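Spelled out from the first residue to the last, the chains are:
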Amino acid sequence: MAEDLVLDTPIRDWVLIPLSVVMVLIGVLRYFVSKLMRSFQVPDAKIVKEGQVIVRARNLRAGANFIPPKSFRARRFYFSNEENGLLHVPKGQSQNAQAAQMFSDPNMATDMMKKNLSMIIPQTLTFAWVNFFFSGFVAAKIPFPLTQRFRSMLQNGIDLSTVNVSYVSSRSWYFLNLFGLRGLFSLILGEENAVDDAQRMMQMGGGFGFDPTKNLSAEKDSIDIIQHEWALPKFEQRAEAVLRKLVH
Amino acid sequence: MVTKTEETQLERLENQVDNGGGGAWEYLCLVRKLKVRRSEKVLEHGLSILNDPKKRSTLGPEGDFVSSNAEWTLYEQVAIAAMDCHSIDVARDCIKVLRKNFPESKRVGRLEAMLLEAKGSWAEAEKAYSSLLEDNPLDQVVLKRKVATAKAQGDISGAIECLNKYLETFMADHDAWRELAEIYVSLQMYKQAAFCYEELILSQPTVPLYHLAYADVLYTLGGLENLQAAKKYYASTIDLTGGKNTRALFGVCLCTSAIGQLAKGRNKEEKENPELQSLAAAALEKDYKQRAPGKLSLVTAALKSLKVSS
Chain A
232 MAEDLVLDTP IRDWVLIPLS VVMVLIGVLR YFVSKLMRSF QVPDAKIVKE
282 GQVIVRARNL RAGANFIPPK SFRARRFYFS NEENGLLHVP KGQSQNAQAA
332 QMFSDPNMAT DMMKKNLSMI IPQTLTFAWV NFFFSGFVAA KIPFPLTQRF
382 RSMLQNGIDL STVNVSYVSS RSWYFLNLFG LRGLFSLILG EENAVDDAQR
432 MMQMGGGFGF DPTKNLSAEK DSIDIIQHEW ALPKFEQRAE AVLRKLVH
Chain B
96 MVTKTEETQL ERLENQVDNG GGGAWEYLCL VRKLKVRRSE KVLEHGLSIL
146 NDPKKRSTLG PEGDFVSSNA EWTLYEQVAI AAMDCHSIDV ARDCIKVLRK
196 NFPESKRVGR LEAMLLEAKG SWAEAEKAYS SLLEDNPLDQ VVLKRKVATA
246 KAQGDISGAI ECLNKYLETF MADHDAWREL AEIYVSLQMY KQAAFCYEEL
296 ILSQPTVPLY HLAYADVLYT LGGLENLQAA KKYYASTIDL TGGKNTRALF
346 GVCLCTSAIG QLAKGRNKEE KENPELQSLA AAALEKDYKQ RAPGKLSLVT
396 AALKSLKVSS
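Quick mapping for you: the protein sequence lines, in order, are chains A and B.
So the number in this note's numbering is just where the residue sits in the first sequence, counting from 1, plus 231.
So the number in this note's numbering is just where the residue sits in the second sequence, counting from 1, plus 95.
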């Protein structure tokens, strides 16, 4: 086991602090750039309607027992009949159509490009910059001991198994900043403007290949199998119980 | 929906602001966030901020330092409140300032159209809304404003048409369903209103007001089946409000007696349980005894007449 490493103060002044400051500045810059590039996009009527249909169908599923059986059956027919039900997806209109539409719409493609570019370019650049200038530094030490499992998180870029795990390498410091600055951004850029990298990455994963028609048919299936059991008759007894308590 | 804690917070802030304790900006922010309608207060306190350059300049840091658009949001809020209070001049001034700063803005265009609407120049307002819709046919605010203009002109069928068209796309908007339900009730189109209330119950099954309104509509429609359903919904209202809703209690009594009258000649295989009615009547009498003893005799007489007829 190695002795305690002594971290040079210039490392703090020239690695640790500059890295954090640069990350913050890049976040702010990116916010403004994305604000500049943000284009107002008129939502597509069909997509909006599909979303609303799904919300309403979900409401029907959740509250089905609160409306009389006749009303429920009428609604179910409205949503899921095979001719023109709102949730019924014609066979010909499969995912291909959706994908084709996505790629044929240049606006959508460029919008996605812009979003991704504003995220990927600064990220790769900063990562390259950190790698080039600061690789291999031990930049900080956390004041408590940690188990070996944290080594890959905190000592990315240092291939030494003998260094105490509580030391943080510069590259790991970069990653910690990348994912941990959200609170700070929400402070300086306002609540809703926080640039959240982690969230964006998730969005990116889900953004491609999303198919609303699949949602529709899934919702249709679950509406088809609901057993409607009117809850209101039970309420009479419950009301009686309530009143009995109230009167006596 | 405004929760209880939010409401008390709003009340507290309102008191504080009214008594000169400061915090006007926080109050306005809260009003905006909760989307409550306090137009007179907003107008009063908003104007006091806007007319005081010192206070206005402090708006920036209280928002956040990057977006100093708190001031413009305030202008918009005050303009809308002023239109609601019919202070057309104030609204016009606010909108003028906004227009100067955002010459191209659609949002300001919306305000201008609303100003026309507030002034009562319907034709011009409708033209403005239509041109706004050309740019964005799915602008919910503008679509709703069109309904409101139609209604304000007394063109109820036009309003219904607009609302139906709106709901065709935005069918999960329960406020619109509610508006439509109320319009239908006002036109005595109870079947349509019943459908709308069903939709409201579906979207918020635990709001007793919708159960109550639905029961009212069913009771008004009449017929044995509807009356039985109405009684059930009155019962659910009682359950959801803990028996505190007088209208629901009366409703149960009325429904039971009406059902009794209708079912008199027929076979009584499914005997309505009379206990609910007597309990409701007892609850009513107790309630009146506590809160309005002078009217107790009236209530007892009315309830007795209901019981006799059943």
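Just so you know, these hints were derived from the structure itself, not from any lab.
Remember, predicted model here, so these are calculated numbers, not experimental data.
Every residue gets a Cβ at the ideal spot worked out from N, C-alpha and C, and that includes glycine.
Do not rely on the hints blindly, as some may be mistaken.
Claimed, not checked - If you anchor each label on the Cβ, the simulated ranges turn out as follows: (1) B/Thr395 to A/Gln468: 35 to 43 Å; (2) A/Ser417 to B/Lys260: 36 to 44 Å; (3) A/Ala305 to B/Thr103: 40 to 48 Å; (4) B/Glu219 to A/Gln468: 38 to 46 Å; (5) B/Arg202 to A/His319: 36 to 44 Å; (6) A/Gln458 to B/Glu263: 26 to 34 Å; (7) A/Leu260 to B/Val131: 32 to 40 Å.
To be verified - Restricting the straight-line Cα-Cα distance to at most 35 Å, the calculated cross-link-like pairs of lysine-lysine (DSBU-like) are: (8) B/Lys201 to B/Lys286; (9) A/Lys266 to B/Lys128; (10) B/Lys339 to A/Lys280.
When the hints from earlier in the document are held up against this structure, which numbers fail?
Failing hints, ascending: 1, 4, 8, 10.
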